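Residue numbers (this note's numbering), protein chains in the order written: chain A, 1 to 248; chain B, 1 to 77.
Please note that the accuracy of each hint is not assured.
Pairs of lysine-lysine, PhoX-like flavour, derived with a Cα cap of 25 Å [what the hints assert, rightly or not]:
(1) K116(A) x K54(B)
(2) K196(A) x K23(B)
(3) K221(A) x K196(A)
(4) K245(A) x K20(B)
(5) K54(B) x K146(A)
(6) K146(A) x K109(A)
Don't read these hints as lab results, they were simulated from the structure.
In this text, all values refer to a predicted model and were calculated from it rather than measured experimentally.
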Amino acid sequence: MNKFKLLSILVLIAVMLSACGSAPSATEAPAATDAPATGGTHTLVFIPGSASNPSQAFGFKMFQKHAAEYGFEASMLDGKADVAEQTKAINNAVAQGADVIIVNPNDAKAIVPAMKAAQDAGVVVGIFMAAAAPGDSTFYVAVDDKLAGGVVVQGILDLFPDGATGVEIGGQAGHPAAIDRHDGFTTALADHPEIKVLDYQNPQAWDAAQAQAIAEDMITKYGDEIQFVFCHWDNGATGVINASKPPG
Amino acid sequence: MNDVLVFGVDGNAVAFEQVKSWKNYNSIGQNVETIAMKSMEIANLFLAKDASAKFDNIVPFDLITKDTVGNFTPPEW
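Just chain B, same shape as in the assembly (with noise of 0.2 Å):
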């Protein structure tokens, strides 16, 4: 069961390990600190009943794999 396929959501400090030490490990990083601040800003939005506030709002994700994992840096949690 060594190298089997483990596919992980989320993007956290332990799966960066997790990508790094397994054989095939591959980890759909959402960004906490992004979604945090862009619910606030919306919130906003609405608040002042701006015409540009969105129901949907749709943050990009990474895909953490061990071909991309030099390119990220792990998150405080």
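One chain only, chain A, in its complex shape (with noise of 0.2 Å):
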């Protein structure tokens, strides 16, 4: 049994176990077995980085169709893909009134001003699908970003035991998720010299179109030197692959 097969069985068992606790499977459905028991309701508001984003237009999906569930009423201010934009809706969202924020920040650092003043004002602060550092937040909820880096050199290795050269097209520039997860590539390579990364860049936004068009110029620089490429989100990579077929 090779290492990634071994690796995927794992974390199949930890996601096993995982739902026989508090935490469902990413994949199936969860059960909302701890709803509040607050009695009152709650203002929740959702402020994604981007509206059009499709995992932050589903999680706001998500938030309204449980927050009933929590004792919620869940609304959305749009970040729009910009932190200024993004910073007007916390505070909008605070001068509101709300409760609760939950932030999928544009900015890992340029957001922090607003998010502590959220807190001053008595705000629960919480980060969607991104870490935070102690402090920025009230607390974070998202998968291991980190981890996730090492799991793609163990893949890599897998295919290629004696190493191989290739890309990384990171997510949008300065977004948390974006920043753990090439730290967690970067870290889990510093082991592995025979891996070699030929080029690293960020779009500007999570936007297919853009990973599309930094693939096609890595592409047209390094051409079959690119044995794998590390696209930090599943719709960027749909780019990738466009770029890498052969015309026609």
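Quick one: dock chain against chain with the hints and give me the complex.
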């Protein structure tokens, strides 16, 4: 059994075990087993990086779907893929009297003052689908993006045991999930000099067209030297695949 | 370039198709619905000033490959 298959099995076992606890598997329908006992209704404002990002749009749909189960009324203010707009949205949510603000930050650092001000005003501030530094928010909920970067390195080694060359196309520049995925990848690579990253670039947004443009430039520059591509999101990887296909 | 190894993150419906159709495609799946629900659960703990409320809350991811894709249901998005 190769390492990658073993790792796959270990991940599956971990997910199965977690399913026995409070966290459902990542793709099975979760159950609302931890609904609140508060009795009242609190207001929750979801502030995505951009409402046009499919994962964030679906995220709001899920907040709406389950809000009543947890005693919330959920609404959304769009971060519009812009830190200034997202800061304005946080300030507006505080002014509207939100009890809880859930943010998917457009920038890991620039959004911090607004989130701290919201906490100072008594608002519970959660980070959604990205990690944060203690104090920047009240809490965060995310997958372990740094571990994900390490999983990618193991997958490369499984296919190319003697090493390989490839490229990394990051997520939205400055986004905390993109930072952690890159950090995890880089840290794991430090133990594997046989894997060489030829190039690393970030788009300005989670935009598949930008990912494809970056991939096309990299293919032009490095050609068949590219044996692997780590793209930080699947829709961006669609652009990578489009760029990799032969013309016609 | 048809056999280049591609790794993505999210595990959305597109990822499931790419795992099946591309020679070497793997996705690290994150469940948006679970993360949304967990966010509201944790927010309630903080609102209630429950001592069990934690700052860092990690949700496990799924590794979606040709070997494992049949074990999962593609998400709606």
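Going down the list of hints, with the structure as the test:
no.: 1; hint: K116(A) x K54(B); in the structure: 17 Å, holds
no.: 2; hint: K196(A) x K23(B); in the structure: 22 Å, holds
no.: 3; hint: K221(A) x K196(A); in the structure: 15 Å, holds
no.: 4; hint: K245(A) x K20(B); in the structure: 16 Å, holds
no.: 5; hint: K54(B) x K146(A); in the structure: 19 Å, holds
no.: 6; hint: K146(A) x K109(A); in the structure: 18 Å, holds
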